[in-house]
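As given, the protein sequences belong to chains A and B, one line each in that order.
Note that my numbering gives residue 324 to position 324 of the first sequence, counting from 1, and the numbers run on in steps of one.
Note that my numbering gives residue 305 to position 305 of the second sequence, counting from 1, and the numbers run on in steps of one.
FYI, nobody ran anything at the bench for these hints, they're computed from the structure.
Here a beta-carbon is modelled for each residue, glycine too, at the ideal position from N, C-alpha and C.
Incorrect hints may appear among the rest.
Said to hold, decoys possible - DEER-style ranges, computed between Cβ atoms: (1) VAL271(B) x GLY51(A): 58 to 64 Å; (2) ASP39(A) x LYS108(B): 21 to 27 Å; (3) GLN328(B) x ASP124(A): 29 to 35 Å; (4) PRO107(A) x LYS326(B): 50 to 56 Å; (5) GLY51(A) x LYS326(B): 37 to 43 Å; (6) LYS326(B) x GLU239(A): 38 to 44 Å; (7) LYS3(A) x LYS326(B): 52 to 58 Å; (8) ASP166(B) x ASN147(A): 50 to 56 Å; (9) HIS262(B) x GLY51(A): 24 to 30 Å; (10) LYS3(B) x GLU31(A): 37 to 43 Å; (11) ASP227(A) x LYS326(B): 57 to 63 Å; (12) GLY29(B) x ASN147(A): 53 to 59 Å; (13) ASP293(B) x GLY51(A): 30 to 36 Å.
Protein chains: 2
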Amino acid sequence: MKKYQVVGIGNAMVDVLTRAEDGFLAEAGIEKGIMQLIDMERAVALYGQIGPAREISGGSAANTIAGIAQLGGRTAYVGKVKDDQLGAIFAHDLRAQGADYVTGLAPKDADGETGRCIVVVTPDGERSMNTYLGVTEFLEPSDIDPNMMADAEWIYLEGYRFDGPDSHAAFAKAINACKGRGGKVALTLSDPFCVERHRDAFRMMIREDVDLLFCNRAEMLSMYQTDDFDAALKQAGEEVELVACTDSEHGAHIISGRVRRHAPAVATQIVDATGAGDLFAGAFLWGLVNGYDAETCGRMGCVAASEIISHIGARPEADLKALFAKHQLI
Amino acid sequence: MKKYQVVGIGNAMVDVLTRAEDGFLAEAGIEKGIMQLIDMERAVALYGQIGPAREISGGSAANTIAGIAQLGGRTAYVGKVKDDQLGAIFAHDLRAQGADYVTGLAPKDADGETGRCIVVVTPDGERSMNTYLGVTEFLEPSDIDPNMMADAEWIYLEGYRFDGPDSHAAFAKAINACKGRGGKVALTLSDPFCVERHRDAFRMMIREDVDLLFCNRAEMLSMYQTDDFDAALKQAGEEVELVACTDSEHGAHIISGRVRRHAPAVATQIVDATGAGDLFAGAFLWGLVNGYDAETCGRMGCVAASEIISHIGARPEADLKALFAKHQLI
Numbered sequence: 001m002k003k004y005q006v007v008g009i010g011n012a013m014v015d016v017l018t019r020a021e022d023g024f025l026a027e028a029g030i031e032k033g034i035m036q037l038i039d040m041e042r043a044v045a046l047y048g049q050i051g052p053a054r055e056i057s058g059g060s061a062a063n064t065i066a067g068i069a070q071l072g073g074r075t076a077y078v079g080k081v082k083d084d085q086l087g088a089i090f091a092h093d094l095r096a097q098g099a100d101y102v103t104g105l106a107p108k109d110a111d112g113e114t115g116r117c118i119v120v121v122t123p124d125g126e127r128s129m130n131t132y133l134g135v136t137e138f139l140e141p142s143d144i145d146p147n148m149m150a151d152a153e154w155i156y157l158e159g160y161r162f163d164g165p166d167s168h169a170a171f172a173k174a175i176n177a178c179k180g181r182g183g184k185v186a187l188t189l190s191d192p193f194c195v196e197r198h199r200d201a202f203r204m205m206i207r208e209d210v211d212l213l214f215c216n217r218a219e220m221l222s223m224y225q226t227d228d229f230d231a232a233l234k235q236a237g238e239e240v241e242l243v244a245c246t247d248s249e250h251g252a253h254i255i256s257g258r259v260r261r262h263a264p265a266v267a268t269q270i271v272d273a274t275g276a277g278d279l280f281a282g283a284f285l286w287g288l289v290n291g292y293d294a295e296t297c298g299r300m301g302c303v304a305a306s307e308i309i310s311h312i313g314a315r316p317e318a319d320l321k322a323l324f325a326k327h328q329l330i
Numbered sequence: 001m002k003k004y005q006v007v008g009i010g011n012a013m014v015d016v017l018t019r020a021e022d023g024f025l026a027e028a029g030i031e032k033g034i035m036q037l038i039d040m041e042r043a044v045a046l047y048g049q050i051g052p053a054r055e056i057s058g059g060s061a062a063n064t065i066a067g068i069a070q071l072g073g074r075t076a077y078v079g080k081v082k083d084d085q086l087g088a089i090f091a092h093d094l095r096a097q098g099a100d101y102v103t104g105l106a107p108k109d110a111d112g113e114t115g116r117c118i119v120v121v122t123p124d125g126e127r128s129m130n131t132y133l134g135v136t137e138f139l140e141p142s143d144i145d146p147n148m149m150a151d152a153e154w155i156y157l158e159g160y161r162f163d164g165p166d167s168h169a170a171f172a173k174a175i176n177a178c179k180g181r182g183g184k185v186a187l188t189l190s191d192p193f194c195v196e197r198h199r200d201a202f203r204m205m206i207r208e209d210v211d212l213l214f215c216n217r218a219e220m221l222s223m224y225q226t227d228d229f230d231a232a233l234k235q236a237g238e239e240v241e242l243v244a245c246t247d248s249e250h251g252a253h254i255i256s257g258r259v260r261r262h263a264p265a266v267a268t269q270i271v272d273a274t275g276a277g278d279l280f281a282g283a284f285l286w287g288l289v290n291g292y293d294a295e296t297c298g299r300m301g302c303v304a305a306s307e308i309i310s311h312i313g314a315r316p317e318a319d320l321k322a323l324f325a326k327h328q329l330i
């Protein structure tokens, strides 16, 4: 038995969550519903503009790993924080959830700080993300422990982590170590504009290394540069063993070769959409490593996503296993 | 017109909020429902024991001031933070709410860090607080700007702030400056064990300087060392011009000399009791400085308290003025 069922690699960050009317987004130059990268200067200026906030550990892959850990999965996370207060908060919240977290810590005198994401939540529950990467941008091959990757059934790679000078090399090292010992690779496309920035690198990885692809409708369309969703799903199904594509209130589409299955969305009141895709992936992966069929995994994903969007913050609050039981999935 | 309607002085801290079953409190040596002071070593150990948490600006008097600011009151806060990430979070959240915050900042190389309070919320919504004071313990007379106090209709003093070597002298300086220009003094007793630690100093201040006393039932009984609540209220009424004593689900008792009025509690589901008393005081004071009678102020306090306990965190989320309007108080 491998030590880890899933090891995630991503951008480590603390979310700074605040509410605002839609008018504020235009005023502050924020594009609605996507993730924008910002520098420290912009982060300070924007922080001065937003209302009172709360801080909750985030990071896309870290949210996924937190979900798997809460479900009792054997899991670990790799992503760089600094030796500062936000770094301590991030590390605590992952470990307290039961995930291993042993990545290289940027020292107190390193440039930059622990990454943070200023998340502006509008009355419709949509989140618009403004990410200051800080030290997490500089995750490099030396931060990847090949033994850890070799000892993982799955590694889960965050698309956002394609930003950064040494990230591709770090991913390659992780993939080689994992696949060399029979492990599998899952990738999430993260964001349509992230796909824009890294389409070729994503495409190469999808064709050569990826066994399970997570994305949403917008990312899928951006990936295959088309408006034809069904055609894009079909093409993805030809390139990857398993594709799980979320589709907002339409649930999720699970593509396995030529077989297409559907998992319905679970109705809830949307308070804050942050982390919906992350927890979908976490629940899906937990189902997969525990032997559930792909359709059930998709249903688990939709249940977990509905939990996350029903409250502020991208880490699970309710007992996900109890929710799966309530929906007769386990 | 004075620049400020209310200036608060208290312990500046960020709340670290986590949920746990009652059994955890015993395991971790936490006494339920009260505030315990802890040192950094204990703070680190306890942080290692708790589950995932979220960080929301807190501090008793700061919560009160945030409430007054949200209502549109002219208000400021004095309480010491450090030049670190938690200090920046605390300062941001007060200013973003519309309160002035210009207190002396402990430098990066000062001993200790910005204060924090590990708040463990049990399933019944009760909060048990574990406070690492950090630099806020060392608020001293030089941190008090007499011009600011002179320019305040009211100063609001947090009982918790009686802990610390120079706090009594700092309070005396603030009171003198405020009263010297016709201002008034409100005091909150904060916690029954805080009353235990500082009963004589509280009593002297109540008799000599306090125009408005905030407390809850347990603090009132501890103050007058009796089990007879009515007798304690009566005695307080003889010593202070106005007394506002909260009484959980029984609402609040407002004592003005020999006249005793009652404000009913506003029913809600208790998610997290943190800050109920703080927001009661904030709403009460806002009513008072805007010319409402004491009973209406008490009703406003109960409405604000019910808002705070209906969600995680001690800063208001709903529009308090809209709630007052809904309850036909304005």
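How the hints compare with the structure:
no., hint, in the structure
1, VAL271(B) x GLY51(A): 58 to 64 Å, "violated (21 Å)"
2, ASP39(A) x LYS108(B): 21 to 27 Å, "holds (22 Å)"
3, GLN328(B) x ASP124(A): 29 to 35 Å, "holds (30 Å)"
4, PRO107(A) x LYS326(B): 50 to 56 Å, "holds (53 Å)"
5, GLY51(A) x LYS326(B): 37 to 43 Å, "violated (22 Å)"
6, LYS326(B) x GLU239(A): 38 to 44 Å, "violated (56 Å)"
7, LYS3(A) x LYS326(B): 52 to 58 Å, "holds (55 Å)"
8, ASP166(B) x ASN147(A): 50 to 56 Å, "holds (54 Å)"
9, HIS262(B) x GLY51(A): 24 to 30 Å, "violated (35 Å)"
10, LYS3(B) x GLU31(A): 37 to 43 Å, "holds (39 Å)"
11, ASP227(A) x LYS326(B): 57 to 63 Å, "violated (47 Å)"
12, GLY29(B) x ASN147(A): 53 to 59 Å, "violated (38 Å)"
13, ASP293(B) x GLY51(A): 30 to 36 Å, "holds (32 Å)"
The structure fails hints 1, 5, 6, 9, 11 and 12 (numbered hints given earlier, in ascending order).
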